[in-house]
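Could you put the whole structure together from the sequences, leaning on the hints where they help?
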Amino acid sequence: MKRVLIVGAGGFLGSHLLEKAVSIPDLEVYAGVRTSTSDRWFPKSGVIRVDFDFEDPADVERVLTSTLPEGEKWDWIVYNLGATKCLRYKDFDHINHDLLRTFVETLERTSMMPDKFLYISSLSAMGPGDGRSYTPFNESMIPQPNTRYGASKLKAEMLLQMHSVPYIIFRCTGIYGPRDHDYFMMFDAMRKGFDFSVGFRKQLLTFIYAPDLAQAVFAALEKAPVKEVYNIAEPRAYSQAEFRRIVAAKLGKSIVVPVKVPLWGTKAVSWVAEKIGVMRGKPSTLNTDKYNIMKQRNWSADTRKARTAFGFSAQTALADGVAQSIDWYRKEGWMK
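Counting along the sequence shown from 1, when you hit position 297 you're at 297 in my numbering, and nothing is skipped either side.
Certain hints may be false.
Below, a list of computed lysine to aspartate or glutamate pairs in the EDC-like style, where the Cα atoms sit at most 20 Å apart [to be verified]: (1) K250 - D327; (2) K85 - E55; (3) K223 - D26.
Cβ pair distances, simulated, as ranges [what the hints assert, rightly or not]: (4) K331 - D130: 38 to 48 Å; (5) W334 - D39: 14 to 24 Å; (6) A317 - P25: 22 to 32 Å; (7) K260 - P225: 40 to 50 Å; (8) K202 - K2: 41 to 51 Å; (9) E105 - E222: 20 to 30 Å; (10) W334 - R34: 22 to 32 Å; (11) P25 - G281: 39 to 49 Å.
Bear in mind the hints are in silico, worked out from the structure with no lab data behind them. As the structure is a computational prediction, the values presented were derived from the model and not from experiment. The C-beta atom is built at its ideal place from N, Cα and C for all residues, glycine as well.
Here it is as structure tokens:
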């Protein structure tokens, strides 16, 4: 029997990682979460909860060394702990880099480094894509992040590469699926009849359905060589108009009005939303860092390396994933 520890297992993606993990025979599944994390999205059985105070290095060491029998360790660790929006930009560095450094250094110090350590990163670590010829991202390109979020994810990747970590890095595109809140907001806006997009130039979008990403994680842990970086996305890109038509069809909407907001207007609204978030003490989904992500014209990604290394192929086309997500939102009462 193998053991896997999924760090950051309490959120949207974490729940899908847990669901996939418990479906694998002879795999003992541990969910590493903060004490305050709800387990409402945990599978009903098959998960061993492990509470960490990630801010306290001594507690991280205590939990790592006391959870398993002395001298034993996890075969695999999936590190999904991170932040996509923060009240203060320095918090990106702290959450996405500093907490990872504490965790990795503790694994080294206690001789508990796993056979494979899979880190969930982001295409945002790459920076602006090619907005002229729309060349897809590939893993050999030099990262040049233009957001604090992307820079923090790249910094985390570099940390793993500088330590004795048997890492596998997934640079994921936009992740959607049941329980996700950010794409739900887009779907709900379209349900109300409007599709808001940024800028007037062509934009190519890519997506990965969360259960497909979870499938890829465990395929990589089984088969992929370590010390490699992989782009993870559905193998095709979509225009904003295609995305709108797909979502509208699944919502049963015959008319959804496209509302194109100029870049300067989006930047101004993002700035205001960010300030309101600070005053309320709650990070805003729309902020100046997210603005740089939204204005990017090209999110297409070449996924051939992952296909060759461990047979990755996203099984769920956007239309099917959107339909399944909307069904879940309606069933759970998020959407009428």
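I want to verify a distance hint. Is the separation of the beta carbons of K260 and P225 within 40 to 50 Å?
Check passed, 44 Å falls within 40 to 50 Å.
Mind checking the hinted window 22 to 32 Å against the Cβ distance between A317 and P25?
Cβ of A317 to Cβ of P25: about 28 Å, so the range 22 to 32 Å holds.
E105 paired with E222, Cβ distance criterion 20 to 30 Å:
holds (27 Å)
Take the C-beta atom of W334 and the C-beta atom of D39, compute their distance, and say whether it sits inside 14 to 24 Å.
holds (19 Å)
Falls inside 38 to 48 Å, the C-beta gap from K331 to D130?
holds (40 Å)
Hint consistency between K85 and E55 [alpha-carbon to alpha-carbon, up to 20 Å]:
holds (18 Å)
Hint check for R34 and W334 - Cβ pair distance inside 22 to 32 Å:
holds (24 Å)
Quick check on a hinted range of 41 to 51 Å for K202 and K2, using CB atoms only.
With a Cβ separation near 45 Å, K202 and K2 satisfy 41 to 51 Å, so the hint holds.
Taking only the CA atoms, is the gap from K250 to D327 under or equal to 20 Å?
Given pair K250, D327 holds - Cα atoms ~9 Å apart, limit 20 Å.
Between K223 and D26, is the straight-line Cα distance small enough, at 20 Å or below?
Status holds; Cα separation ~17 Å.
Can you let me know if the beta-carbon spacing of P25 and G281 is within 39 to 49 Å?
holds (45 Å)
Violated hints: none; the structure is consistent with every hint.
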